[in-house]
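Trainee: Sequence:
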Amino acid sequence: MTYHKLSIKKWALEDRPREKMISKGISSLSNAELIAILIGSGNRDESAVDVSKRILNDVDNNLNELGKLSIEKLRRDYRGIGEAKAICIVAAMELGRRRKLEQAKEKPKITNSSDVYDLMHPLLADLPHEEFWILLLNRANKVMSIQKISQGGVAGTVMDSKIIMRAAIDQLASSIILCHNHPSGNIMPSRQDKNITQKLKEAGSTMDIPILDHIIVTDAGFYSFADEGDL
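For the sequence shown, the UniProt record's numbering gives the first residue as 1, with consecutive numbering after it.
Any given hint could turn out to be false.
Unchecked claim - List of simulated lysine-lysine pairs, DSSO-like, C-alpha gap at most 30 Å:
1. 142 to 199
2. 20 to 142
3. 162 to 142
4. 100 to 142
5. 148 to 73
6. 53 to 100
7. 194 to 107
8. 73 to 109
9. 73 to 107
10. 100 to 148
As the list claims (entries may be wrong) - Have a look at the derived ranges for each label pair, beta carbon to beta carbon:
11. 23 to 92: 32 to 42 Å
12. 190 to 30: 36 to 46 Å
13. 194 to 100: 37 to 47 Å
14. 207 to 18: 47 to 57 Å
Please keep in mind that the hints were generated in silico from the structure rather than gathered at the bench. For each residue, glycine too, the CB sits at the ideal point set by N, CA and C.
Model the full structure from these sequences, guided by the hints.
Mentor: Structure representation (structure tokens):
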């Protein structure tokens with residue numbers, strides 16, 4: 001018996017992702033169906049939903065892991081996913097990160113290391129490379145600005161203390177919190193992390209803009225230099 005793929009257009013109306021979203025609401029759609037809407041079509045042997053299920057299966061149905069996939073990997077590993085479809089998926093993941101960050105637009109107050117982690121996790125946790133960011137605070141410990149200082153590779157990134165102090169001075173910040181991610185998932189600071197922290201602590205002391213903490217962000221947790229007595 002010859003098998004023929006049943007395209008989405010031949011599904012019952014209530015089972016097609018777009019029609020299902022209109023009739024039953026977006027919350028009725030699975031993650032695979034939402035991704036299927038993004039990519040629009042599959043390949044000769046698979047519907048858009050089938051392709052989406054396969055992509056999700058490869059990341060253990062974890063959207064954070066999906067957010068780590070590059071455009072090139074999506075194109076290379078999944079038949080039917082070209083550049084335009086891969087861009088749609090990556091763009092949707094980035095919008096999700098930014099939407100979560102938008103919830104903190106009203107100058108959140110930092111009271112402990114967990115506040116920093118909650119704020120920075122959407123930006124850093126699922127990146128495949130290291131990035132170094134700073135949070136500039138006012139006298140009430142409210143966030144005035146969040147700025148990316150540098151971007152590097154899997155194992156590290158370059159940081160310039162002059163850029164950080166200039167940003168703090170320009171914003172008239174009262175204090176600084178340092179933050180970077182470890183794509184490896186290892187929360188422990190490296191020797192370089194400790195050296196950078198000490199160097200910036202000294203620069204901040206000289207400029208009367210203290211470094212309050214340095215947070216290392218991973219998918220599963222974080223390391224606080226202040227909490228661990230390393231600052």
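Trainee: Does each hint fit the structure? Answer for all of them.
Mentor: Cross-check of the supplied hints:
1. 142 to 199: holds (24 Å)
2. 20 to 142: violated (43 Å)
3. 162 to 142: holds (23 Å)
4. 100 to 142: This hinted pair holds, its Cα atoms lying about 18 Å apart.
5. 148 to 73: holds (25 Å)
6. 53 to 100: Since the Cα atoms of residue 53 and residue 100 sit roughly 25 Å apart, the hinted pair holds (cutoff 30 Å).
7. 194 to 107: It holds: about 29 Å lies between the C-alpha atoms, which stays within 30 Å.
8. 73 to 109: Violated, at about 39 Å.
9. 73 to 107: violated (37 Å)
10. 100 to 148: The hint holds at about 17 Å.
11. 23 to 92: 32 to 42 Å: violated (22 Å)
12. 190 to 30: 36 to 46 Å: At 40 Å between Cβs, range holds.
13. 194 to 100: 37 to 47 Å: Roughly 30 Å apart at Cβ, these two residues miss the hinted range, so it is violated.
14. 207 to 18: 47 to 57 Å: About 56 Å separates the Cβ atoms of residue 207 and residue 18, which means 47 to 57 Å holds.
In the structure shown, a violation is registered for the earlier hints numbered 2, 8, 9, 11, 13, in ascending order.
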